[in-house]
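Colleague: Each protein sequence line maps, in turn, to chains G and L. Residue numbers 1 to 283, in our numbering, belong to the letters of the first sequence in order. Residue numbers 1 to 283, in our numbering, belong to the letters of the second sequence in order.
What the hints contain is simulated information worked out from the structure, not anything from laboratory work. It is possible that some hints are incorrect.
[As the list claims (entries may be wrong)] Which residues of chain L face chain G? A few of them, derived with a C-beta cut under 7 Å, are:
id: 1; residue: Val24
id: 2; residue: Gly80
id: 3; residue: Ala108
id: 4; residue: Val114
id: 5; residue: Ser139
id: 6; residue: Asn142
id: 7; residue: Met264
[Stated by the list, open to error] Restraint-style ranges between C-beta atoms, simulated for each label pair:
id: 8; chain 1: G; residue 1: Leu272; chain 2: L; residue 2: Glu6; range: 51 to 61 Å
id: 9; chain 1: G; residue 1: Asp85; chain 2: L; residue 2: Glu96; range: 20 to 30 Å
id: 10; chain 1: G; residue 1: Arg281; chain 2: L; residue 2: Lys95; range: 39 to 49 Å
id: 11; chain 1: L; residue 1: Asn156; chain 2: G; residue 2: Pro35; range: 41 to 51 Å
id: 12; chain 1: L; residue 1: Asn83; chain 2: G; residue 2: Ser228; range: 26 to 36 Å
id: 13; chain 1: G; residue 1: Glu259; chain 2: L; residue 2: Ser190; range: 54 to 64 Å
id: 14; chain 1: L; residue 1: Glu96; chain 2: G; residue 2: Gln197; range: 37 to 47 Å
Every residue gets a Cβ at the ideal spot worked out from N, C-alpha and C, and that includes glycine.
These are the residues of each chain, in order.
Protein chains: 2
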Amino acid sequence: MDTMKEEINQRLVKLCEPLKDGRVKDAMLYSLLAPGKRLRPILFLTVLRAYQFDYHQYLDVACAIEMIHTYSLIHDDLPGMDNDDLRRGRKTCHKEFDEATAILAGDALLNLGVNIILQTTSLDDSLKVQLTNLLYQASGINGMIYGQQQDLYFENRKADLSQLEDIHKHKTGELISVSMQMAACIAKKSDLDAWKQLGFDLGLAFQIQDDILDVTGTTEELGKKVGSDLENHKSTYVSLIGVEASQKKIEELFQKCYERIYAMQINHGLILELFIKILKRVS
Amino acid sequence: MDTMKEEINQRLVKLCEPLKDGRVKDAMLYSLLAPGKRLRPILFLTVLRAYQFDYHQYLDVACAIEMIHTYSLIHDDLPGMDNDDLRRGRKTCHKEFDEATAILAGDALLNLGVNIILQTTSLDDSLKVQLTNLLYQASGINGMIYGQQQDLYFENRKADLSQLEDIHKHKTGELISVSMQMAACIAKKSDLDAWKQLGFDLGLAFQIQDDILDVTGTTEELGKKVGSDLENHKSTYVSLIGVEASQKKIEELFQKCYERIYAMQINHGLILELFIKILKRVS
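Excised from the complex, chain G in its bound form (with noise of 0.2 Å):
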């Protein structure tokens, strides 16, 4: 697995070098290579593995989810969202650069996003049109910036649980989701379905975990400032139901990943060792 984020990495210098020197640039490409999971694209890459897939055709797609994963990081950082001074244990953005350079990597990440899989010379054009519906799809309106509209609506109201679930569906879920349906789109479409319902639930476990570590977590480890739900006086988890409850539910709903995942035929191993990777984690 240290192998895939190494060539991530690598990938995202390269893809980054044709584009034009200048501030921007310097915060997409200070922002992308921040030290993160890469989550979404290992997601992709290994569900791709476990179909006996080689990966490595695909690690542009995979960095083009990394570019729409890190654009929503940046504006999410803003000012006028979140406001955050520290991401990835750096300082944001924003702060690096200034708001408008900000604003701007954002937005060159997100459309670059675009290019990147449309350039990929391994696909064929109905593979690349699917690929970017989908993907764009989870990220626009109706999935990721929703969740992050409904996130600011409830900033300072109390949200039930299912307002929280539907937040953390769309915010989190949709990205999470998508890059493992991208996976089977190219693998095999049959499964799409099972991995679409895997990723929300997986999402949402993800999420959970966000809640409890924001209260048991140092801010060393995670690499952001914790305790900010308390102080925003945020609905999570935590707030609604507790940690131990919170814990259960993380464990229920990763009980039902493995099930979805034993009833397909892959590689379940490759799948399940990057699973328990992330229900252990401390960041």
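Could you slot chain L onto chain G? The hints should help.
Modeller: Below, chain L alone, put in the same frame as chain G:
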């Protein structure tokens, strides 16, 4: 041309219907439907008409172009960027809504253009890939975003004429040029380069007009604040060479456009009619 504009506006509304209701959708529609010239989609559709193509099949692609243009206006107007209060005769998006919503509405429009083109049923996959790729190359870090970066860089620095041309070429020229390139890509690929150059000349002429109108126009006519270039000590064609020489430059650029038009086997009248309207514009 008014029919075409009306058709674009109606289609923009239709294309936004499937979007999840909420503040971001409201903000997208607010900015999309504000009274604008619809110059870029009209250029795209008029070039198609000049090749005897039924442009109605391509209305969605035209709308995608307008979405990209509108996103760029919303983000340019943000407090962290140009901090403008008035646009298209209305309050800017972040003034009518709020900053977070304006950031998300811009993101959502940039994102939505992708899905609109890729979901157009009358296009084959190869054309979808080419058109989307062309559009997003023009709007990205090597195109429009680079222009915006340079514009910000020279905000409080004196730019010379060639630096100013470089800004205009990217910030305004890319999207105007690509609108015509995309039509050529559909209608006659061998004409694509001619439209590309023509588009950059037209874009430069259009931008020099903006520089002049910022001095000679009224806020009422333009729907945005006038005199802001001067106030911001911004280098413009007018500040560098004066109104008269700027006017002459515009006429020279249009002359070059006319020559390129006459060299192509198209319905010249349709294009000339549109160009004359642009040449005589007061807003």
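Colleague: Of the hints stated earlier, which fail here?
Modeller: Result: hints 7, 11 break, sorted rising.
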